[in-house]
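**Student:** Listed below, chain by chain, are the residues.
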Amino acid sequence: MNVAIVEDVIATEAILAEIKSGEDGAVCVFDGIVRNHTRGRKTLYLDYEAYREMALDQMRGLAQDAAARFGVREVAIVHRLGRLLIGETSVLIVVASAHRGAAFDACRWVIDTLKKTVPIWKKEQFEDGAVWADGEPFPEEVVSGPAERMG
Amino acid sequence: MNVAIVEDVIATEAILAEIKSGEDGAVCVFDGIVRNHTRGRKTLYLDYEAYREMALDQMRGLAQDAAARFGVREVAIVHRLGRLLIGETSVLIVVASAHRGAAFDACRWVIDTLKKTVPIWKKEQFEDGAVWADGEPFPEEVVSGPAERMG
Amino acid sequence: MLVRVLFFGVLKDLVGAEQQVLEVEHEASVGDLLDVCRDQTSKQSEVWTRLAVAVNREYASRSKVLAEGDEVALLPPVSGGRP
Amino acid sequence: MLVRVLFFGVLKDLVGAEQQVLEVEHEASVGDLLDVCRDQTSKQSEVWTRLAVAVNREYASRSKVLAEGDEVALLPPVSGGRP
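The listed protein sequences correspond, in order, to chains W, S, Y and G. In case it helps, the working numbering puts the first sequence at residues 39 to 189. In case it helps, the working numbering puts the second sequence at residues 39 to 189. In case it helps, the working numbering puts the third sequence at residues 428 to 510. In case it helps, the working numbering puts the fourth sequence at residues 428 to 510.
Take these hints with a grain of salt, some might be off.
Said to hold, decoys possible - Here are the in silico distance ranges between beta carbons for each label pair:
no.	chain 1	residue 1	chain 2	residue 2	range
1	S	R77	G	R477	49 to 57 angstroms
2	G	E495	W	N40	33 to 41 angstroms
3	G	R489	S	A55	40 to 48 angstroms
4	Y	D440	W	E56	34 to 42 angstroms
5	G	E454	W	G60	51 to 59 angstroms
6	W	G109	Y	T476	29 to 37 angstroms
Claimed, not checked - Computed from the model, here is a short list of chain S residues facing chain Y with C-beta under 8 angstroms:
no.	residue
7	E87
8	E91
9	T155
10	I158
11	K160
12	S182
Stated by the list, open to error - Simulated crosslink set (DSS-like; lysine-lysine; CA at most 30 angstroms straight-line):
no.	chain 1	residue 1	chain 2	residue 2
13	Y	K470	S	K154
14	G	K491	W	K58
15	Y	K439	S	K161
16	W	K58	S	K58
17	W	K58	S	K80
18	G	K491	W	K153
19	W	K161	S	K58
20	Y	K491	S	K80
21	G	K491	W	K80
22	W	K80	S	K58
23	S	K153	W	K58
24	S	K58	W	K154
25	S	K154	W	K153
26	W	K154	S	K161
27	W	K80	W	K161
28	Y	K439	Y	K470
29	W	K154	G	K470
30	G	K439	W	K161
31	W	K154	G	K491
32	S	K153	Y	K439
33	S	K58	S	K161
34	Y	K491	S	K153
35	S	K161	W	K58
To be clear, the hints were calculated from the coordinates, so they are not data collected in a lab. Backbone N, C-alpha and C define an ideal beta-carbon position, used for all residues, glycine too.
Build the full structure now, drawing on both the sequences and the hints.
**Tutor:** Next up, the structure:
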């Protein structure tokens, strides 16, 4: 499982090339990129920060859980931190599997769960100020006790 | 909309780079690759052929329908024909959108619909012979009359 | 009248040709043409009941009436594979 | 006893520090520590009711009892954005 937090440009092509294996028939990729606006305000750039060691632990857990839960062969999760400009990739998720249904389901589950439970935050810099992006409330299992490992 | 049928290696990185725009927050990619086995038999390579002009028309229609139906900004569909080796990409679908839900839904709808309605066939070469891959029955609207354009 | 018939995938192997120009009766339907095509091959195959037909690159029903010079493509189920 | 408290995102700005070493009572809970942290800032914020807490890098409930030297991280909701 290729799970990493990086400060530089995410090497999408290399990660894709590395993950593919002869057993795979489908690769599903989610590429999260910095959008030029949020709720009508023009974004200049984003600053990402993380509780790094814990975020990496959580991402490793997600990759393992996704493989077990959806029966996919391989999962890569790479998140970038620091200042990101419009159009740059902040997070890349790649899932390789024999069949496409499992690849899609696993990829979506990973990004949806990552966005709720992995301790990474972004500060949005607008022309007229900066704000920490408002997140959704934590899932119940996160605030009420240790997250159970699935699968 | 970047819709194409090609004979050479699909230029994934270039297609991805070209599709991204500042309005996008999410890009979902489906990369269909040649698997080394089918139902327990070892595959050597695949030969893809198409009713080329009609396939291209259908693919263009799918890209337009997906944009209208899911509200995504841009869709690219590229299919390769000819002899493909294990691990090579036969079809690449890229969807760019402001938000990830629509990107995932559109990408999956395109590949699922393409696999049922776009006239492309593959002959699988095994160690002990070759067979045309068995397809699923056509959807009712395909066999009973002209496909309605959606959206 | 004459129509051009294109065969793809397993049908190409079954018929032994990529295309044929066939004589059909005036106002023959897609279904009539399929009967002509099937009758000229000795080999049985269930593909005849599972194929789709495109007339001038649009999917068409069995009841569609053909016109002189139409391009009629016989299309085996496309190779989806397990999702 | 002493615990190390880490502040992230909006909490870092609110508290004005990335981390602090705080003195809490023996067998203090996560909830007790949160009260101490909140009381030391004059600014009101609804983030105190929405944050999650990790003790030694594992999510923990408010009732978890702390031990000397624990690393306690206060985590604002992560920045999901609209799916």
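**Student:** None of the hints should be skipped; say for each whether it holds.
**Tutor:** Here's how the hints hold up against the structure:
1. S:R77 x G:R477: 49 to 57 angstroms: holds (51 angstroms)
2. G:E495 x W:N40: 33 to 41 angstroms: holds (37 angstroms)
3. G:R489 x S:A55: 40 to 48 angstroms: holds (47 angstroms)
4. Y:D440 x W:E56: 34 to 42 angstroms: At 39 angstroms between Cβs, range holds.
5. G:E454 x W:G60: 51 to 59 angstroms: Given range 51 to 59 angstroms: holds, Cβ gap about 57 angstroms.
6. W:G109 x Y:T476: 29 to 37 angstroms: holds (34 angstroms)
7. E87: holds (7 angstroms)
8. E91: holds (6 angstroms)
9. T155: Holds: closest Cβ of chain Y sits about 7 angstroms from S:T155, inside 8 angstroms.
10. I158: holds (6 angstroms)
11. K160: Cβ of S:K160 sits 5 angstroms from chain Y, so the hint holds.
12. S182: Holds - the Cβ of S:S182 comes within 8 angstroms of chain Y, reaching about 5 angstroms at its closest.
13. Y:K470 x S:K154: holds (26 angstroms)
14. G:K491 x W:K58: violated (43 angstroms)
15. Y:K439 x S:K161: holds (12 angstroms)
16. W:K58 x S:K58: Since the Cα atoms of W:K58 and S:K58 sit roughly 23 angstroms apart, the hinted pair holds (cutoff 30 angstroms).
17. W:K58 x S:K80: Since the Cα atoms of W:K58 and S:K80 sit roughly 17 angstroms apart, the hinted pair holds (cutoff 30 angstroms).
18. G:K491 x W:K153: holds (25 angstroms)
19. W:K161 x S:K58: holds (22 angstroms)
20. Y:K491 x S:K80: Violated, at roughly 42 angstroms.
21. G:K491 x W:K80: violated (42 angstroms)
22. W:K80 x S:K58: Answer holds: W:K80 to S:K58 is near 17 angstroms, not above 30 angstroms.
23. S:K153 x W:K58: holds (21 angstroms)
24. S:K58 x W:K154: holds (25 angstroms)
25. S:K154 x W:K153: Between S:K154 and W:K153 the Cα gap is close to 33 angstroms, so the pair fails against 30 angstroms, i.e. violated.
26. W:K154 x S:K161: violated (44 angstroms)
27. W:K80 x W:K161: holds (14 angstroms)
28. Y:K439 x Y:K470: Roughly 13 angstroms separates the two Cα atoms, so the pair holds.
29. W:K154 x G:K470: holds (26 angstroms)
30. G:K439 x W:K161: holds (12 angstroms)
31. W:K154 x G:K491: With a Cα-Cα distance of about 22 angstroms, the restraint between W:K154 and G:K491 holds, given a limit of 30 angstroms.
32. S:K153 x Y:K439: holds (20 angstroms)
33. S:K58 x S:K161: This hinted pair is violated, its Cα atoms lying about 34 angstroms apart.
34. Y:K491 x S:K153: Judged against 30 angstroms, a Cα distance of about 25 angstroms means the pair holds.
35. S:K161 x W:K58: holds (22 angstroms)
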